[in-house]
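Novice: Take a look at the letters that make up each chain.
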Amino acid sequence: MGRFLLKRLGLALLTLTLVSIILFAVAQVLPGDVGRAILGPYAAEEQVVALDHQLGVDRPLLIRYWDWISGFVVGDWGTSYLLDVPVASITLERLRNSVILGGFALCLIVPISILFGVLAALNYRRWFDRIMAVIALSLIALPEFVSGVIVLVIFAVKLGWLPVAAHLPSADPLDWFRQLLLPSIPLMFVLFGYISRMARAGTVDSLRSNYVRTAILKGLPRWTVIRRHVLRNSLLPTITVISVQTGYLVGGLVVTETLFNYPGIGKLIFDSAIGHDLPVLQATVLLIALLYMVLTLAADVVYTVLNPRIRLSSRS
Amino acid sequence: MSVAEPLAPVEETVPRRRAGELLRPLLRSPTFLVGSAILAFWVLDAIFWPAIVPQDPQALNVAQTLKPPSPAHWFGTDDLGRDVLSRTLAGASSTLTVAPAATALGLLGGTLLGLVTGYFRGLVDDIIMRAVDSLLAFPLIVIAVLVLAVLGPSVINVILVIAFVFTPIVARTVRSAVLGEREREYVSAAKLLGKSSAAIMFGEILPNITGPLAVEVTIRLGYAIFTSATLSFLSLGIQQPSPDWGLTISLGRAFLQLAPWIVLFPAAALATLIIAVNLVADGLRQAFEE
Numbered sequence: 001m002g003r004f005l006l007k008r009l010g011l012a013l014l015t016l017t018l019v020s021i022i023l024f025a026v027a028q029v030l031p032g033d034v035g036r037a038i039l040g041p042y043a044a045e046e047q048v049v050a051l052d053h054q055l056g057v058d059r060p061l062l063i064r065y066w067d068w069i070s071g072f073v074v075g076d077w078g079t080s081y082l083l084d085v086p087v088a089s090i091t092l093e094r095l096r097n098s099v100i101l102g103g104f105a106l107c108l109i110v111p112i113s114i115l116f117g118v119l120a121a122l123n124y125r126r127w128f129d130r131i132m133a134v135i136a137l138s139l140i141a142l143p144e145f146v147s148g149v150i151v152l153v154i155f156a157v158k159l160g161w162l163p164v165a166a167h168l169p170s171a172d173p174l175d176w177f178r179q180l181l182l183p184s185i186p187l188m189f190v191l192f193g194y195i196s197r198m199a200r201a202g203t204v205d206s207l208r209s210n211y212v213r214t215a216i217l218k219g220l221p222r223w224t225v226i227r228r229h230v231l232r233n234s235l236l237p238t239i240t241v242i243s244v245q246t247g248y249l250v251g252g253l254v255v256t257e258t259l260f261n262y263p264g265i266g267k268l269i270f271d272s273a274i275g276h277d278l279p280v281l282q283a284t285v286l287l288i289a290l291l292y293m294v295l296t297l298a299a300d301v302v303y304t305v306l307n308p309r310i311r312l313s314s315r316s
Numbered sequence: 001m002s003v004a005e006p007l008a009p010v011e012e013t014v015p016r017r018r019a020g021e022l023l024r025p026l027l028r029s030p031t032f033l034v035g036s037a038i039l040a041f042w043v044l045d046a047i048f049w050p051a052i053v054p055q056d057p058q059a060l061n062v063a064q065t066l067k068p069p070s071p072a073h074w075f076g077t078d079d080l081g082r083d084v085l086s087r088t089l090a091g092a093s094s095t096l097t098v099a100p101a102a103t104a105l106g107l108l109g110g111t112l113l114g115l116v117t118g119y120f121r122g123l124v125d126d127i128i129m130r131a132v133d134s135l136l137a138f139p140l141i142v143i144a145v146l147v148l149a150v151l152g153p154s155v156i157n158v159i160l161v162i163a164f165v166f167t168p169i170v171a172r173t174v175r176s177a178v179l180g181e182r183e184r185e186y187v188s189a190a191k192l193l194g195k196s197s198a199a200i201m202f203g204e205i206l207p208n209i210t211g212p213l214a215v216e217v218t219i220r221l222g223y224a225i226f227t228s229a230t231l232s233f234l235s236l237g238i239q240q241p242s243p244d245w246g247l248t249i250s251l252g253r254a255f256l257q258l259a260p261w262i263v264l265f266p267a268a269a270l271a272t273l274i275i276a277v278n279l280v281a282d283g284l285r286q287a288f289e290e
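Chains A and B are the protein sequences, given in the same order.
Residue numbers in the first sequence follow the numbering used here, run continuously in steps of one, and reach 316 at the last position.
Residue numbers in the second sequence follow the numbering used here, run continuously in steps of one, and reach 290 at the last position.
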């Protein structure tokens, strides 16, 4: 197990380095002259040169890359061009807000998706299973802004139950729920589709296995078979899917947070991309790649810890 | 085993499925049929909308702004008095131009890359698969926002960025299909006949992986619609005054309280189109798996 994890960690670091190089190239090389991009086409040439020098973008690319990446590692992420605050503080604050929103969506939808996935598998190829398949497929396909706008019209405009724009929740737990429910629904739709399909597939596989047939034939009650033999095995692949979907979640957050005006990292990515705020953009996107790697790695660890077959086989 | 058997033509040992055999399970699948019907409706609408719209989708009418649905305007009017029904019907064409164009480009690049890497393996193969992993570490929307912010929003850039992301993903699917085919007897036979690598890749292997390729195309088309509409919504794609659905929803948000029909109808249209494409993809996948 140790060697396996070490290999995964090495691959993750290699991928992360590649990502940082691509990111740096896209953000620094493609826009051409950074000073010109900030000051606009009518600024005097001397001012552009002066700003380039002040920002340090007139130095060779390799040195700039090294400066940036070594700064990133020790937590010095530079200063935002637009907001004139340290990138690290604003990025981490927005990330915290997004973790609240994303965590809220995950906590609510993971149990529901697993429940429906398992129910669909227990009704394999009957009408409930078929309807669930179409619903899951449709929910995955819907862009977040489409489902977001539809729930906004229904629950905020027509029924007036929930606020139109989301704010950071106050201490009141009911307010928490009210503020976060609408912006998390588009995320939950997509997550529900993926997680329920995975839970269904895992359950169908273990229902077909020999150990479940043995458990049924030796006369165990149906519920005991499902709980002890089916669920324990079927939920393993679901864990992997949840971690992969957390990576998706960030893309969904860009759209949902923009739609609901929620101050999270998705909106920060969008705003800094529109405003050409390169230090913020590079830091947020690299941070997201880093998070994604950590989550997939964590999912592998959890998977091995929970799965005695892998845990024990590598120890011997 | 009889003596004649080894002389039998290769086609008999590797039976190729005819079109009719594939069509039958498709025609029995209700989800596929419903999906194709809706998709056909939107494709026809995207081509012939100038002939079927009740009013000019760009015609302003200051006296008729923000009117709710009525017999004169079935879907109501927007903030400039334009007919929402006409704009919804006209809005299909931008999505159904950008998404198929991006899919086709990505498919072309991905098929070439996948055929070459899968057939030759080696170092190029390793490098490309690593690059795919790096790409997949980002959500597609984040890559697109990053690139479009740098290159500037335009329809061509939207097509290019989606195609760019699709290329390695399609390449991976094609590559794994090629890996399964390259060990088959018909490939060895073609090699023994002295055919060139290019002739084997395009003339022998490619026709045999059309199944997974067709499924991949429909799945990618769904994602392309999803992404291009989202980019329009983020105002990084098609610009005003196009009746594009994503753009209309983005601009109509300001009138959500007063006139929700401005966003509701394009949202419903986009939802039906994208669900239809996914139903077709799912039907194809099941037909090829059976």
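Just so you know, the hints here were simulated from the structure itself, not pulled from any lab data.
One or more hints might be untrue.
What the hints assert, rightly or not - Taking lysine to aspartate or glutamate and the DMTMM-like style, the derived pairs with C-alpha atoms no more than 25 Å apart in a straight line are:
1) A/Lys7 x B/Asp79
2) A/Lys7 x A/Asp300
3) A/Lys158 x B/Asp56
4) B/Lys195 x B/Asp125
5) B/Lys191 x B/Glu181
6) A/Lys7 x B/Glu181
7) B/Lys195 x B/Glu181
8) B/Lys191 x B/Glu289
9) B/Lys67 x B/Asp56
Said to hold, decoys possible - What follows is a list of derived Cβ distance ranges for each label pair:
10) A/Ile63 x B/Leu44: 26 to 34 Å
11) A/Pro60 x B/Asp56: 51 to 59 Å
12) A/Arg125 x B/Arg184: 44 to 52 Å
13) A/Leu82 x B/Lys195: 54 to 62 Å
14) B/Val62 x A/Leu82: 47 to 55 Å
15) A/Ala43 x B/Ala199: 41 to 49 Å
We treat Cβ as the ideally placed atom computed from N, Cα and C, and that holds for glycine.
Novice: Each hint should be assessed against the structure and marked as holding or not.
Specialist: Do the hints match the structure? See the list:
no.	hint	verdict
1	A/Lys7 x B/Asp79	58 Å, violated
2	A/Lys7 x A/Asp300	12 Å, holds
3	A/Lys158 x B/Asp56	30 Å, violated
4	B/Lys195 x B/Asp125	23 Å, holds
5	B/Lys191 x B/Glu181	13 Å, holds
6	A/Lys7 x B/Glu181	30 Å, violated
7	B/Lys195 x B/Glu181	16 Å, holds
8	B/Lys191 x B/Glu289	29 Å, violated
9	B/Lys67 x B/Asp56	17 Å, holds
10	A/Ile63 x B/Leu44: 26 to 34 Å	58 Å, violated
11	A/Pro60 x B/Asp56: 51 to 59 Å	56 Å, holds
12	A/Arg125 x B/Arg184: 44 to 52 Å	33 Å, violated
13	A/Leu82 x B/Lys195: 54 to 62 Å	59 Å, holds
14	B/Val62 x A/Leu82: 47 to 55 Å	38 Å, violated
15	A/Ala43 x B/Ala199: 41 to 49 Å	58 Å, violated
The structure does not agree with the numbered hints 1, 3, 6, 8, 10, 12, 14, 15 stated previously, though it agrees with the rest.
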